[in-house]
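*Asks:* Numbering (the numbering used here), first residue to last: 634 to 1089.
Derived by calculation from the structure, the hints in this document are not laboratory data.
The C-beta atom is built at its ideal place from N, Cα and C for all residues, glycine as well.
Check each hint, because a few of them may be wrong.
Here are the simulated DSS-like cross-link-like pairs (lysine-lysine), alpha carbons at most 30 Å apart as the crow flies [unchecked claim]:
#1 Lys-905 - Lys-1040
#2 Lys-778 - Lys-739
#3 Lys-749 - Lys-778
#4 Lys-760 - Lys-778
#5 Lys-778 - Lys-905
#6 Lys-829 - Lys-938
#7 Lys-961 - Lys-681
#8 Lys-861 - Lys-829
If you anchor each label on the Cβ, the simulated ranges turn out as follows [unchecked claim]:
#9 Gly-913 - Trp-704: 32 to 42 Å
#10 Gly-745 - Phe-698: 53 to 63 Å
#11 Glu-1039 - Ala-901: 46 to 56 Å
#12 Ile-637 - Gly-982: 44 to 54 Å
#13 Asp-675 - Glu-904: 51 to 61 Å
#14 Val-694 - Gly-982: 53 to 63 Å
#15 Arg-1071 - Trp-704: 42 to 52 Å
#16 Glu-959 - Pro-1077: 24 to 34 Å
#17 Asp-701 - Lys-905: 55 to 65 Å
#18 Thr-960 - Glu-1039: 31 to 41 Å
#19 Gly-745 - Asp-646: 16 to 26 Å
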Amino acid sequence: MNKIVRHPASFKDPAGFIFESGGKIYRQVNQRYADEFKLLIDSGLYAKLTSQKQLLSHSAVADNFTGDNEWFTTILPEQLEHISYPYEWSFDQLRDAALLTLSILKTAITHGMILKDATAFNIQFHKGRPVFIDTLSFGKYDPEKPWVAYRQFCEQFLFPLYLEHYLKTDMIPLLSAHHTGISASLTARLLPWRSKWNLGVRLHVLLQRNVSERKQEPNPRITFSKTKLMNVILHLESIIKGLKNRYSEQTTWSNYYDETILGPQYLAAKEKLVTEFLTGMEFSTVLDLGANDGHFTRLVASMGKDVVAADSDSKCINGLYAYAKETKSTNILPLVIDLSNPSPAIGFGNNERAAFGSRMKSDVVLALALIHHLVIGKNIPFDLVANYFASFGKILIVEFVPREDEKVKQLLSSREDVFDDYDERGFEKSFLRHYSIRKKQVIPGTFRVLYSLERI
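Assemble the whole structure, with the sequences as input and the hints as a guide.
*Replies:* What follows is the structure, given as structure tokens:
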């Protein structure tokens, strides 16, 4: 029998838990959730949400894998290729995840159910769109009780979006430090004074802040009729749809392939070489590190490959996400990742949310026009970069940008040159500790060298 490994993040909900067995992820449903699980199925809510591709579908499994006395049933969800977290999403990704949560909530209420929780971690991006993954988050709707997940929804969705909207800078990564959500008190302190005149801010931020900071005993819970609750949901939807990522300042590399590259001939030559390096190779997944605006992500995706695009420039990632939505691309996952400070393992025991490096494994890794930013821009030695890249996948297509290149000269123009080993020999010395060279070619018209490496 295959070993059963309970997921380290699945311990908070007594309704059940997820576990791994035989390389697949399962979910156990416990006896205490039996009535609600039956209602989810019998009410037609499950069929409705899965038909709209809003809820991850599953198949029933009769076996009690764990031998647990609390067992009611086991389900096998549709398997996810990649796991990402809210603090790795762009503004539009978090906004779409918020709107999906509210849409599911509205549908649940019409079927006699409600969301017991509204954490952003219940959403994953799968086949180009957000999908709700927690089958056990649905409870029976009771009009005598308030929506208990309202505060959680605000702290993990609305407040980060408000902060980005008003402060015009990246605030979503704050969710990494505040992984249970950004409080109303902190949000109120960070928001500019002018925002306090906004009705939505007054109702959802300041009112919650005032209630949470009261010293006296709280008043009895306010209940809502179904109509009033729907009106609250519609108001939240209206607010979120109106929020914009107003961070419009030009970032250093956000127009890299449009304006600041060596020229269209360089881009065409690099495209040709990348395509040649990939031709004849058997692979299905690609990790594009330092993807920038996603030019090469789109190139590889057009080959029918599944691509994760990682870049620290949230504007670029937001644009790539918009492209994937517009073109209905189901094989592109854009993520905001600073490779010099990637998402760490966080949560209880540092086990609830896995580090970026342990989640993202791929057949092929692209690292184009990236090395000089890490080694010179961030002072990360070749040895460490090579070791990190090798952890992601077997094949690496990497571009070495030498000192003679204008981009390297720009990086060195404002700092002391302490990079004695920054040359082709130093690059190969470090990378060949982890890889063997499959192919190597100078990009025509440049000093840059493109390598195809295979991990040893």
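*Asks:* Need the list of violated hint numbers for this structure, in ascending order.
*Replies:* The structure conflicts with hints 4, 5, 6, 9, 10, 11, 12 and 14, although it agrees with all the remaining ones.
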